[in-house]
Amino acid sequence: MTSARALVGIGSLLVATTVPVTLLGGCTTQGMGTGTATMTQPAPRARTTTGAASYTPVTDQRLVNPEAENWLMYRRTYDGWGYSPLEQINTGNVKNLVPVWSFSTGVAEGHQAPPIVNNGIMFVSTPQNQVLALDAKTGELLWRYKRELPEDLFQLHPTNRGVGLYEDKVYLATLDAHVVALDAKTGKLLWDRTVEDYKKGYYMTLAPLVAKGKVMVGVSGGELGIRGFVQALDARTGQSAWKTFTIPAPGEPGSDTWKGDSWKTGGASVWITGSYDPQLNLTYWGTGNGAQWMGDQRPGDNLYSSSVIALDADTGKLRAFHQYHWNDSWDWDEVSAPILMDVQRGGRTIKSLVHPGRDGYLWVLERRADAIGFVEGKPYVKQTVFTKLDPRTGRPEYDETKKPVTGKKIPFCPSLWGGKDWPPAAYNPKTGYLYIPTNENLCGSLLGTAKPYEAGKLWLGTEIKDIGMVVADGANHIGEIQAWDMNTGQKVWMRTFESHNWGPVLTTGGGLVFAGGTNDRYFRAFDGKTGEPLWQWRTNSGITGVPSSFAVDGTQYVAVQSGWGVDAQRMQGALDDIRGAKTDVPQGGVIWVFGVNQ
Amino acid sequence: MFAGGERSGQVITPGDLLVGKPPLLVYPIDPRSRIVRDGSRLNQILLVRLAPDELDEDTRAGSADGVVGYSGVCTHAGCDVTLWQAETRRFRCPCHESEFDPRDKGRVVGGPAPRRLPRLPVKIADGVIVAEGSFIGRPGFLPG
Chain F
1 MTSARALVGI
11 GSLLVATTVP
21 VTLLGGCTTQ
31 GMGTGTATMT
41 QPAPRARTTT
51 GAASYTPVTD
61 QRLVNPEAEN
71 WLMYRRTYDG
81 WGYSPLEQIN
91 TGNVKNLVPV
101 WSFSTGVAEG
111 HQAPPIVNNG
121 IMFVSTPQNQ
131 VLALDAKTGE
141 LLWRYKRELP
151 EDLFQLHPTN
161 RGVGLYEDKV
171 YLATLDAHVV
181 ALDAKTGKLL
191 WDRTVEDYKK
201 GYYMTLAPLV
211 AKGKVMVGVS
221 GGELGIRGFV
231 QALDARTGQS
241 AWKTFTIPAP
251 GEPGSDTWKG
261 DSWKTGGASV
271 WITGSYDPQL
281 NLTYWGTGNG
291 AQWMGDQRPG
301 DNLYSSSVIA
311 LDADTGKLRA
321 FHQYHWNDSW
331 DWDEVSAPIL
341 MDVQRGGRTI
351 KSLVHPGRDG
361 YLWVLERRAD
371 AIGFVEGKPY
381 VKQTVFTKLD
391 PRTGRPEYDE
401 TKKPVTGKKI
411 PFCPSLWGGK
421 DWPPAAYNPK
431 TGYLYIPTNE
441 NLCGSLLGTA
451 KPYEAGKLWL
461 GTEIKDIGMV
471 VADGANHIGE
481 IQAWDMNTGQ
491 KVWMRTFESH
501 NWGPVLTTGG
511 GLVFAGGTND
521 RYFRAFDGKT
531 GEPLWQWRTN
541 SGITGVPSSF
551 AVDGTQYVAV
561 QSGWGVDAQR
571 MQGALDDIRG
581 AKTDVPQGGV
591 IWVFGVNQ
Chain Z
599 MFAGGERSGQ
609 VITPGDLLVG
619 KPPLLVYPID
629 PRSRIVRDGS
639 RLNQILLVRL
649 APDELDEDTR
659 AGSADGVVGY
669 SGVCTHAGCD
679 VTLWQAETRR
689 FRCPCHESEF
699 DPRDKGRVVG
709 GPAPRRLPRL
719 PVKIADGVIV
729 AEGSFIGRPG
739 FLPG
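The listed protein sequences derive, respectively, from chains F and Z.
Numbering-wise, the first sequence is residues 1 to 598 according to my numbering.
Numbering-wise, the second sequence is residues 599 to 742 according to my numbering.
So that you can see chain Z by itself, here it is in the shape it has in the complex (with noise of 0.2 Å):
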């Protein structure tokens, strides 16, 4: 669902992302229970959908009709990663500068940040974005 803005708490469906549109910043809901899980700023998840032939294959094997996941946190310093450089296609981090690849598993591609973003390979099910498992590689940052 929805993590902020004016449709905070509505659930997204593949319609709400389109491509060349900004990534939305979610939290996930647990199927069964129901219940959202937003009790950590960590558990954020960036989507964004893309043309499929420009991602790279690790990530395409990830992605459903383009649409791929991200931690929504930066790993250089934790900041929310609110950014979207449409013509690069790069999220961009407010905090310092951070640059991330979507296309190629969340690569470093500017700023201080140590590695990439947590990425969440993702599948399309009942007309809902699901979770297929969890992320490859720890959320956040790693404090010094």
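For reference, chain F alone in the conformation it holds in the complex (with noise of 0.2 Å):
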């Protein structure tokens, strides 16, 4: 139906200079730190062919076992740590960071891909599935993929996540629900896939997950009415491997939680990557909520929606799940796939699956190969709603007060974005602490609406103008990121923002804590131990990318996307209507790698 094109190119263009560009002093006006930084800038470097002139095939033992110094999947690592071992760059040295060099990508939205490094090449997906492909370390495009969109597409999350590697190709999850494998070397096309029709709702965001063979991938469109699904495709041929839905059909396990044919348009997308144990051979996501919004409207638990899943990676079989909180009536996707650790609890180590949800309480579970168990459920931001969870399923109840139904207004925190919506956190096993990226002092309501289903057509259960935010009374910040010691289960440290915060977080061994998400445009680090602000770099647009860090010749850096869009854009907009303010963050995406001299 469309066709892809690849524009494959770039050989090189020119050789400018071969004397290194020194920078001096680029902290002084934008940073908080003093040094004067002589990072050099390499040179650009010659290139006569077309595209990468090497490339590392990733393999499943790389997968697994990464190379310090690359980042080669959306979290870096299976277990969703968002962490890298590299510590050139660390809370002594962090405030002589500075940019080596930058890339416009050339679009506008949100932009919330990591930069994904294997041996000194950087891939980087845009909105409008763009994929980049750069020398990591001197910036330099090597390819340029751009998909052929359809014209009438429209979603509400037009973004994308982040690619997947195996072997010599490069996979893209496709706004029109396709996936895409592209040589790694050349950014050609080698196979495009069907894997919905985007014209009922169907489309993806996610970075696929890469395992084994198999490119999985889920489909977002709760907001459309969709029926969420997994899908692995072979990663060489593209073909279905197996194919698993989050909702069950009439007859299977699960069924009696729906009622009538509410299924078939239940929700339960699955938007973001999911994480991966080897041992288990577990892949872990994370479901959206119920779809409509309005749970009276479809009665029941509604399983698997607002839930983890446990699916085999070799046949998508479901082996275990957890549904966080039944019957979804905020819009709480818990869309994040749950973090593998080891949490310490009672004097026994527990392999678990920590994830703080959008429905504002940080749970800790644990995996087992046919079960989750519950172990802590308990909330990190203001939650009005839950009443108790039941101490041994963690299965919570409600004020029914604070339930949304059809007719009536219902007000509630956190608001219907959560606590933590899509951004990630990130986990420090040197710290032992969690990083979460949360909005706190916002509550929400929602007046409850019956509209038919049509497909391809938002169907939210509730008209926009009835979708409510409020800011708590002298509330003097919104956003924050917290630091939760996961062997203790308390907060050990607290940054606040003045601004909203949509940051996702990465960690690193140097002790340090990077994340942007605010709307004054700074990318920033943190003590990781004590949350002491180290440094601050104010960017083109406001950061809602996953950061990332990688080395290259033995040099780290950290980089990032900074691009404003999206959910940090539409929740400026409530917060403007409520302040009668009008905050113009700017638009246009770039590319930007830091690093420091030593």
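These are calculated hints, taken from the structure and not from any lab test.
Beta carbons are placed, not taken as given, at the ideal position from N, Cα and C, and that holds for glycine.
Just to be clear, a hint being listed does not mean it is correct.
Heads up, incomplete: computed chain F residues facing chain Z, CB under 7 Å, no partners named [as the list claims (entries may be wrong)]: (1) E151; (2) D152; (3) F154; (4) P158; (5) I464; (6) I467; (7) G573.
Given two chains presented individually in distinct reference frames, assemble the corresponding complex, making use of the accompanying hints.
Dropping the structure here:
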């Protein structure tokens, strides 16, 4: 139906200078540091061939145990930590961090993908399903792929959250619900498979999860009444290997949690890349809320919405699940996959799944081959809905006056964007802390309406005008970064921002936490132990991109895309409406790569 | 005809549009072949009736008894423009709060939309609202 075109290219165009450029004192005007850094910018290298001269194939072994200098997938490792062990950039020298190179993506909207790096070659996806391959050290463009998207496409989240790598291929899940495979060296399109019909509201925004020869993707579109699923494609051919729906069909286990035909349009989207336990051979996926949003129009628990599901990587078979909250009525998608980590509780080491939920609770679960057990759940932002959790199962009880219904305006906290939306939290094994990007002091309300489903149309169970939001009286901030010691289950520090925060978090072996996320365009570094701000740099736009860190030729870099849009922009609009303000956060994406002089 | 809702598929008449009432989102029908041109979302049209003396000269010239037509697809990110601000007489897009003034050639009056909503001049013939030519401007958005 639609053809994709690959723009392959570049050879080298210029050999501008062989003298390194010296950057002096970049921090004094921009950052908080006062050092006179002398970071040298590498000279552009001459290229006589198209694309990358050489490429290191990505193997299962490398994905399970990546070299410290590489960032081969969405959160770098299958456990979802968002942690780079590199320590050259650390709490002592981060004040001297300066830009080494930058690159304009040429598109607007929310840039959310991490720069993914394999032995000096960086792959970055942008909105409009563009993939850029760059020399990670010099910023030289190696190739560019830009998908020709259908003109009649529309989505509430027109973004992309990164590519997947395997062998010599790069995989992209597209907005028109295809998966494409590109040649990592040239960007040439190798295959293009349709996963679903975009005209029915299916689309994809996640970075594929790649393991054991399979490219696994999930579908977005809960706001358009889709039926969610995860599908695995053969990495070499693109042929479907398995497909598992996140909503059971009649007769399947869990189907009794839906009434009538509601399962056909029940949502439970898969917005975000799954995590993976190679020992158990289980992939873990967070699922979205039920569609439309009003629980009273689809009575029942609505499995497996707002849940984590464990799927066998080889067969897709559902081995276990845990539903964070049943019969969702707040638009609380539990989009993020859980983070796999060891947690100490009562003298025991628990192989856990940790998830700061959109529902405002920080969940600790135990993962086993055939079950997911409940360990702990506690609110990390103001939450007015849950009255108690079943101590054995974690199933919440609700204050029914805080559960939206059809025909009545119901207030609740946190807002529909939750305590944490999609931006990933990060875990640092050295500090033992989990770093959560949160929004506090925001409550919401919904007035439910009943409307028939129409394929490809917004189907929210409420009118947009009936989505309310209020800022708490006397609130001095909205955005936060919270650090939690997962072994004690206690919050250890918190930084606050006047602005809301949509910044994915990176943490490193140098004891640092990196994040942007605020409307003032800053990218920041904090001391992971104390939360002390150590560095900041004002970029072109607001940062909602996932930061990554990598090394080339022994030098460590930190990279991030700056480009404001999607829900960060939408929340800004809602806050501006409340305050009678008009906040102009400039649009347009730029890849930034920072380094520090040693 | 109506592009959705309870009366989906029914042909619109001028009587379906009243001053002070919200706009209708509709698809056109080819007058000869009777084929409904709903193959693309980009054919969605917003129809609303406004007081003729509120319309600027150009807009009035392309209107019929106060009925004006516009593309129903936002020029920012391509969402359906489904909201109506009755008091200010503005179309509003639910995705990013872009606002357009149907009294003034679909001018952008709020939000991130880069250009006005394409206008579709209309007339009333034999009790039916008829498009007079094509959209003024390209419907939809231009991917960056």
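Hint check results:
Given hint, F/E151 at the interface with chain Z, holds; its Cβ is 5 Å from that chain's nearest Cβ, closer than 7 Å. Proximity of F/D152 to chain Z holds as hinted, the smallest CB-CB distance being about 4 Å (cut-off 7 Å). Because the smallest distance between the Cβ of F/F154 and any Cβ of chain Z comes to about 4 Å, under 7 Å, the interface hint for this residue holds. Checking F/P158 against chain Z: minimum C-beta separation of about 6 Å stays under 7 Å; hint holds.
At about 4 Å, the closest approach between the beta carbon of F/I464 and any beta carbon in chain Z falls short of 7 Å, and the interface hint on this residue holds. For F/I467, the interface hint is violated, the least distance from its beta-carbon to any beta-carbon of chain Z being 9 Å, above 7 Å. The beta carbon of F/G573 is positioned within 7 Å of a beta carbon in chain Z (closest approach about 5 Å), and the interface hint is therefore held.
In this structure, the one hint that does not hold is number 6.
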